[in-house]
Each structure stands twice: as C-alpha cells, then as structure tokens.
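Quick mapping for you: the protein sequence lines, in order, are chains A and B.
Residue 98 is where the first sequence ends in our numbering, and the numbering goes up by one at each step.
Residue 594 is where the second sequence ends in our numbering, and the numbering goes up by one at each step.
Here are the computed lysine to aspartate or glutamate pairs in the DMTMM-like style, where the Cα-Cα straight-line distance is at most 25 Å: (1) B:K520 to A:E(-4); (2) B:K520 to A:E(-6); (3) B:K520 to B:E538; (4) A:K46 to A:E(-4); (5) B:K520 to A:D72.
Keep in mind the hints are simulated off the structure, nothing from the lab.
Fair warning: this is a prediction, and the values are worked out from it, not measured in the lab.
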Amino acid sequence: KNEVEQSPQNLTAQEGEFITINCSYSVGISALHWLQQHPGGGIVSLFMLSSGKKKHGRLIATINIQEKHSSLHITASHPRDSAVYICSSRIGNQFYFGTGTSLTVIP
Amino acid sequence: GAVVSQHPSWVICKSGTSVKIECRSLDFQATTMFWYRQFPKQSLMLMATSNEGSKATYEQGVEKDKFLINHASLTLSTLTVTSAHPEDSSFYICSASGGATDTQYFGPGTRLTVL
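With the hints as extra help, turn the sequences into a complete structure.
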C-alpha cells in the first residue's frame, strides 16, 4: 500500500504570494497527479508527472523520484486559486490520495 | 480538454430505494472509468475501476452488490446504489481516461442525499 501525505493541510496566503504544497509517498509509483477541487466540487487534473518538472501558466509541479516527493508551486497567487489541492499517486491502476491542502488566497 | 458529464448532479431519495448515476465521456472514448466517493471535508476515496466490456474491480471494503457498476460502452458507465441508506449520502464523482496521455478527466460529481 502506498501512503500519500500532503502538507500543509490548510494554507492562507496574500494575493501575489508564492505558494508551495508538498506531497510525499512511500513506495515507487508509475505517476503522480495533482488535482484541484473547487468549492462546488468539480475536480480538474492539473498535472500528471513521473519525472522532472512541468509548468502550466502560473503552476509548476516537480517530482523527485529518489526522495519520493513532489511539490506544487503557484506563482503570483490569485483569489481564484483558492481551492483544495489533492496529490494522488498511481501504481498501475491503483490510486492513493492525500487528504488535500485547502488553499485560501486573500485579496 | 476532454469533457466528462454526470447525471444527475444531485438527487434526494428515500431509504431503501435504488439510485442510478450516469457518467459519460462526451468527446473521447473512455477505456477506463473510475468511481469515487467523497465525504465532507475529506479526500477522494476510490470505489472501483471499470474497463469497458468487463466487470468492475472494487476496492477493499466496497460492497459490489450494493454499488453496481456497468461500463457497457466506451462513453458510458453507470453506478447504481441499491437499497440506499442514509449513510450512503455522499458526493459521488466519476473520472474517465483513454488514449495515449492516460490523464483522468473528472465529472462534476453527483450529490446523493438519502432520507
């Protein structure tokens, strides 16, 4: 079984701040996903990565396979970034989810 | 990106009745669909994985006779909650994947309330 831990659980930031959310997992994986869930419940898949770094707009995701660690960064944060961010590891067709990081960005 | 729809978006039913939730991939063929449930303030919990044309694979602790999953076509999967109880009240979310990227596309979710 793969344990996925996220930190912090809750995060409040001022608009414009640089934000980092961390995710650690316990066993080797085939891929790691970052998901964003808005207050209404809808979920968007932000990134799927198995090595290195990916960037999309103001979002950057990195993964260190040796350390079994991934980070999600948000540059120039905005109130519309307020959501729950969930890290999920995948081994074949098995998925393991972190408990989520609730981010609130204050104007 | 690809679109996945769910129907209904919310449903209220009486205890003992059955409820069917549909998950459709609108613009791609979903070889695999996933069903999740989420309780308030908690993360996603994978219930089952279904591949088109074959029986669903249920996660440990999920009753397959209570949560019936059918994935009869490449664009439709259904989850039927049979003999619903108040403790089945939850947010049910499906996701679908297919194609080279293997990315999951999530439906908007169905909020089930059992009275």
